[in-house]
Amino acid sequence: LTSQHPYAEVFIGRPHVWTVDLNNREEVEDAVKAILNQKIEPYMPYEFTCEGMLQRINAFIEKQDFCHGQVMWPPLSTLQVKLAEPGQSCKQVCQENQLICEPSFFQHLNKEKDLLKYGVICQSSELYKDILVPSFHPKSKHCVFQGDLLLFSCAGAHPTHQRICPCRDFIKGQVALCKDCL
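Everything in the sequence shown is counted per the UniProt record's numbering, starting at 1 for the first residue and increasing by one.
These are computed hints drawn from the structure, not numbers from a lab. C-beta: ideal position from N, C-alpha, C; glycine also.
No farther apart than 30 Å at their CA atoms in a straight line, the calculated lysine-lysine pairs in the DSS-like style are these:
id : residue 1 : residue 2
1  : Lys179    : Lys113
2  : Lys82     : Lys139
3  : Lys179    : Lys117
4  : Lys129    : Lys141
5  : Lys129    : Lys111
6  : Lys82     : Lys179
7  : Lys129    : Lys139
8  : Lys82     : Lys63
9  : Lys172    : Lys39
10 : Lys129    : Lys113
11 : Lys139    : Lys113
12 : Lys63     : Lys113
Label pairs and their in silico Cβ distance ranges:
id : residue 1 : residue 2 : range
13 : Ser77     : Ser140    : 29 to 35 Å
14 : Pro159    : Glu29     : 32 to 38 Å
15 : Ala155    : Gln123    : 26 to 32 Å
16 : Pro159    : Gln107    : 20 to 26 Å
17 : Pro15     : Glu126    : 45 to 51 Å
18 : Trp18     : Gln64     : 33 to 39 Å
19 : Thr160    : Leu182    : 37 to 43 Å
20 : Lys117    : Arg25     : 49 to 55 Å
Kindly produce the complete structure, drawing on both the sequences and the hints.
Below, the structure written as structure tokens:
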């Protein structure tokens with residue numbers, strides 16, 4: 001975590017949002033001087049407007065069906081699987097690829113046969129209850145799958161395994177919606 005408001009840091013950024021190390025006095029002073037010397041227009045992210053909220057509500061109402069079977073939302077077609085480096089979280093690897101981590105897709109990456117579709121071959125595997133899985137050890141080709149479906153997390157980073165990450169695209173200014181969601 002690099003800030004108190006990661007959304008603002010990642011999706012809004014400068015010149016409206018500045019992230020500085022509060023323990024670095026010089027960095028803080030430089031940021032304050034730069035802020036005072038700039039002229040910027042006010043900015044409101046589209047998803048924070050009434051229209052943006054109504055667009056999300058409309059998409060959720062039209063696309064989700066709670067009465068007839070298991071319709072996947074967001075659509076599984078938006079899944080983009082990424083392998084994080086050891087020590088890197090799914091949130092980080094998805095952001096590096098201009099995507100976001102979609103926790104609802106983890107269930108589609110939690111079996112050996114699921115990973116074969118993405119070129120991940122497990123020579124051995126086990127179930128584990130932790131926020132650091134599903135993960136893959138590249139040298140031993142050992143896969144670790146989630147034993148508790150409530151523990152799927154985009155935030156955990158395994159020190160020696162690669163996290164198997166469910167990323168998806170998003171509409172700029174409307175992060176909750178994928179590009180094919182409207």
